[in-house]
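Add chain P to chain W, keeping to what the hints say.
Number of protein chains: 2
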Amino acid sequence: MIRVVLLGAGNVATHFYSAFYKEKTVEIIQCYNRKNIKLHPDQKEDLIITDLSDLKEADVYILAIHDDAIKEIANLLPFRNKFVVHTSGSVPIDVLGTNNRTGVLYPLQTFTKDTYVDFSTVPFCLEAENSNDLQTLKTLASSLSKKIFEISSAQRGILHVAAVFVNNFVNHMFAIGNDICKEHQVPFEILHPLILETAQKVSLTDPDSIQTGPAVRNDTKTIERHLNILKEKSQKNIYQLLTTAIQDKHGKKL
Amino acid sequence: MIRVVLLGAGNVATHFYSAFYKEKTVEIIQCYNRKNIKLHPDQKEDLIITDLSDLKEADVYILAIHDDAIKEIANLLPFRNKFVVHTSGSVPIDVLGTNNRTGVLYPLQTFTKDTYVDFSTVPFCLEAENSNDLQTLKTLASSLSKKIFEISSAQRGILHVAAVFVNNFVNHMFAIGNDICKEHQVPFEILHPLILETAQKVSLTDPDSIQTGPAVRNDTKTIERHLNILKEKSQKNIYQLLTTAIQDKHGKKL
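As given, the protein sequences belong to chains W and P, one line each in that order. When you read off a place in the first sequence, starting at 1, and then add 816, the result is the number in our numbering. When you read off a place in the second sequence, starting at 1, and then add 816, the result is the number in our numbering.
No lab work stands behind these hints, which were simulated from the structure alone.
Computed far set for chain W versus chain P, every beta-carbon distance over 12 Å:
hint: 1; residue: R819
hint: 2; residue: E839
hint: 3; residue: I853
hint: 4; residue: E861
hint: 5; residue: A874
hint: 6; residue: D875
hint: 7; residue: K887
hint: 8; residue: N897
hint: 9; residue: I909
hint: 10; residue: N948
Under 10 Å between C-beta atoms, here's a sample of chain W residues computed to sit facing chain P:
hint: 11; residue: V986
hint: 12; residue: S1019
hint: 13; residue: G1029
hint: 14; residue: I1045
Ideal placement from N, C-alpha and C gives every residue a C-beta, glycine not left out.
Chain W on its own, in the form it takes in the complex (with noise of 0.2 Å):
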């Protein structure tokens, strides 16, 4: 049994409480947040604690709050030497000080607060100083999860690039394909099917393989009649950014 204390109460801490709530080899044995709020229907009120001083002998204390408040709570600790781990993407291990042993126990999935999150496919990167705590980690994973990884902070800062690229930059480019719609009056979820298996392709295929459109094929006369059928300059540079940047990328391998 992992005796966990759980500090937060965002959307992360939430889930995870709702999560391991369920799990026999975990035991939440107290939450901790300034105004008191409970994370589930179910939990009892006198295992909520406002103050960092109430804090139990615990074998992790996950601390599952904002980027910015994980220092500052960290070195609030009234503890040394217990095991303290962070839940986020962009924050190195380091920020934890030292007082205690650290670790980073990471989800990498967007979560929505009303949205329920089935953690058995959701990647954990896991990160520790020593390896019995990377154990303890790994456990409290798996019980959750079968996709677990060990991730150093360097690594970690890696995947937060490549997700930009892969989430945010492709969320603007369903935005612009969506105003494009909307400016002629063609329903964007004609579109929704090819979205989908465009994502779903990539977990099969390496991307650069099913690279398809008029920039990979050096089809001149579409990437024209494109760039003229855009009006806004911001559409325009990144059709065109983009159609040089898939033609420089596979006229290389020729």
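Below, chain P alone, put in the same frame as chain W:
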């Protein structure tokens, strides 16, 4: 019963054959291709023709052939005033000429040869010169899919540009994410669930309302760190242009 002649032997023709073959309301009375290729193991050989002059009387002649061949084959058809359609996303209806009544039956999905296609989720874009013929296409497409859209040639042109953004350019974002991970020995598969969720969300919500990341937060520290990590010039340029585009778009709304 709609009597269909299918011209072509590529992916679209093959998938159409398998799909229509099962439908009681559709009868494929003949297939044409120059190499005498069977589109299905059950297909009777005397129903395959290699000479356009052997074409039988049908309700609709479907040219499921390469974009560049549509004009030529349409001109070679040895009859007048019959209903002739093509299946292309990027070719205008008037390429079919004026000898026959013309239309378009465009399934908006990418087809791979040996992969089963579930047409029930594929959006069909229909176009026809006259309303009777449009009704024939609606009946034909409805036998396969519930997603039927009446789309003009001009609108199809718009869909094609939008598809370049949401499919071709998105795939290039995946390729860059993959390259970044590879370069730093981080398994790209960690990002697969995030990629899938990003695509799933777009069917439920306006993409602008769910834009996240350092660009929209104007998190200049993170943006600078990311630009330092990116070594390849093309990746840097794309990061900068898309970051500015996201900031301009979301700044405007404030």
